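Could you slot chain B onto chain A? The hints should help.
Protein chains: 2
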Amino acid sequence: MVQVILLSGGSGKRLWPLSNGARSKQFLQFLSCPSGGRESMLQRVIRQIKESSLDCDITVAANDQQRDMLINQLGDSVNVVLEPSRRHTFPAIVLSCTDLLLNKGCSKDSVVVVLPCDPYTDAGYFEVIKQMASAAERGLADLIYMGVKPTEPSDKYGYIFPDDTSAQLAENVLRVKNFTEKPSVTDAEKFIANGAFWNSGVFAFRLGYIIDIVEQRYLKVKDFAELRSRYSELPNISFDYEIAERTRNAAMVPFNGNWQDVGTWNILSSIMPDRTIGNVHLGTQCSNVHIINELSVPIYCDGMTDTIVAAGPDGILVSAKSASDTVKQHVDQLVDRPMYEERRWGTYRVLDRTSGSDGMQSLTKNLFLRPGCNISYQLHHHRQEVWTFVDGIGRLRLDDEERIVRAGDVIHIQREQKHGLKAITPLTFIEVQIGTDLVEEDIVRLEMNW
Amino acid sequence: MVQVILLSGGSGKRLWPLSNGARSKQFLQFLSCPSGGRESMLQRVIRQIKESSLDCDITVAANDQQRDMLINQLGDSVNVVLEPSRRHTFPAIVLSCTDLLLNKGCSKDSVVVVLPCDPYTDAGYFEVIKQMASAAERGLADLIYMGVKPTEPSDKYGYIFPDDTSAQLAENVLRVKNFTEKPSVTDAEKFIANGAFWNSGVFAFRLGYIIDIVEQRYLKVKDFAELRSRYSELPNISFDYEIAERTRNAAMVPFNGNWQDVGTWNILSSIMPDRTIGNVHLGTQCSNVHIINELSVPIYCDGMTDTIVAAGPDGILVSAKSASDTVKQHVDQLVDRPMYEERRWGTYRVLDRTSGSDGMQSLTKNLFLRPGCNISYQLHHHRQEVWTFVDGIGRLRLDDEERIVRAGDVIHIQREQKHGLKAITPLTFIEVQIGTDLVEEDIVRLEMNW
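Protein chains in written order, with this note's numbering: chain A, 2 to 451; chain B, 2 to 451.
Treat the hints as calculated values from the structure; they're not laboratory data. Owing to the predicted nature of the structure, the values given are computational and were not obtained by experimental measurement.
For lysine-lysine, the following DSSO-like pairs were computed, each having C-alpha atoms within a straight-line distance of at most 30 Å:
no., chain 1, residue 1, chain 2, residue 2
1, B, Lys178, B, Lys191
2, B, Lys322, B, Lys150
3, A, Lys131, A, Lys105
4, A, Lys157, A, Lys322
5, B, Lys322, A, Lys322
6, A, Lys322, B, Lys329
7, B, Lys51, B, Lys150
8, B, Lys322, A, Lys329
9, B, Lys150, B, Lys183
Chain A on its own, in the form it takes in the complex:
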């Protein structure tokens, strides 16, 4: 049984405004699904793994903000390991490996395959993964790369040099002579001329290989909780730098199929099945235009060529496809607070924020609670909340008294008043917060069983 670790990190800044800290690019449901409907990159790669004949368990390595999205999109079908803080791929992979060893009872001989969830690939990719797992199983090398045939001298990838003087270690398995992470474009041109491959970020190894490195170089833990509490002792570095560049005994399986790193609007739009998603009206003079509109108001577009428009609660992107990469450098200026989030209990959308002259502020949200889900029993020191119920039926607890609420009910929650809500049927309500210090941290969560 192979252990697949799927890396679900990354903020997806280049897919602003539709990705944010909690809703990374791998959760955007813009791809077509064979069964009809749309799926996310994460859902797609998990479907592809299951459709391949790879006999495996899947662990998703993610950060805490992504937890609710993961559960919404994947249910309980996978093992999820959450980072205590957001760090680079080396500590994230170590965390999942430690979970496999100490929580899941995997042996040090277990074969692990690490893969990112953002490449858009075909079924051949998973055939290569099977060959990689088999090479690791047979001990042909400590670390097995997937090498992707380069299409341009990019400075975004690591380059793998197969040892052309040696025979294959096995069918399709080449010894690796050297690995260089992110060279200059000039160097990349030379590398490609010399037969180098791109590092796809897919690695296979035996669990003990990484565990032993961590114990030699950094720390040895008794249990998983200890690693979580000492997580910051691991260096904040990529797996590529910490492991791939330093490995002497590596091999590679080449992959020549469809492989696109779906990190920019330009590439994402190229694999979108529809030209537009949402309330969009195109004039007759548009060509190669892709528009995604998550707002309720319409977008009208005409006369544009090679353009991407993406509009959501966080903002609006209008970009030439060739320039869609540049948004990444601006995101920190653009992002204020997330205006839309999917949580395990449901979703919310910020409708309005208003500041008064005397320090009073308001925040208005539209909230949706899934049936059977609840928001925690809580109170706030600095704000009142007004809930106006638009749809559904729920159980409201207010200062330890419970009542049924339904569409048409209005509940005014005072400062310091204990309140909690559980949806019986799908529940939609408008929340108006009003207070002098409207921060998410002004919340005291109270114990209660629904």
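For chain B alone, kept in the frame of chain A given last:
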């Protein structure tokens, strides 16, 4: 004293999404003002008239939906005549002429100048208007046109043919031989080769000329109220077709200065002083891009050329400047209800509309009341309203009892409950409407004096 009639009609569909029925293009405050700040086309033309030495009174002919915007932008400085229903320029001009004759006591000899408020012009334009008024005053013709030197064979204008065989009637005043409204482009080319001018929509005449035509062709009224009540008996036709094309005794004063019909985003952007208005971030690869963002969330744009982006509560336009005209044909599909309106008492913005499964609906608004202004004392049969006050102080009347409300107060207004609100200081509040039939018509206005 010349009587200027400024036509403020038109829906400005081509400036969607920032213009709508109540907020026509002439109210959009995107032009730079000599005193600093920004002004609308309407404010600009009135400032220009006042800066010229034309001795005149100004009447603005508008429709009912524009009344509050007119008062907000112009105060009491002009006479306003409102159409009982929205009709073409001939009935609108007749209505204002009748107001001048029967309400304002103007004589039939009074000189009237009609001008649209959307051309972007310079001071020379008002010098020509003075010459036109003088020609009408001296009785050189029944109707005096302003002829604009054509720059292209457009099919959007009427063409005026001066009689080149005759001498000038006076300096710069030419006898008009013929007038043709909106020819084909091919015909327009010939017309221009033959020395024709564009009809700018500016006309001068004596009040009696139009009054007499109306009485001969259509109806004679005792007072202004009678004309308003019989307004539909006037043909729904443009002044150009009804008067200009049928006049035998016309003259023309040519104008060669700066004259742009500010009806499309393409032209409006060409006279905007700034490339961007609002929360906009441009990348380094933009050229000739204009962006107006009335939303609070940011717009990021890069890699675009010759593009206009306009975002507001009603929707988002992304268009090549050359194609910005095409939105007009789509507006009827795009427009639902206005999401933002300026009223005399203040402004409101629709934040959210949600429909429940059992017919319950909610509408959430952010409202702003100017100090001293009030919304009428009223009740609703089918909806409750929840007001959460964010800023300012106001007087609330609820079921005939009055109290002071201020930031932090939450008021729940039940169905059938009488309620009214007057701002003491600038007052901002969030309104959540909830009910089964959320229409503007569900309102009973009650008598009360604040």
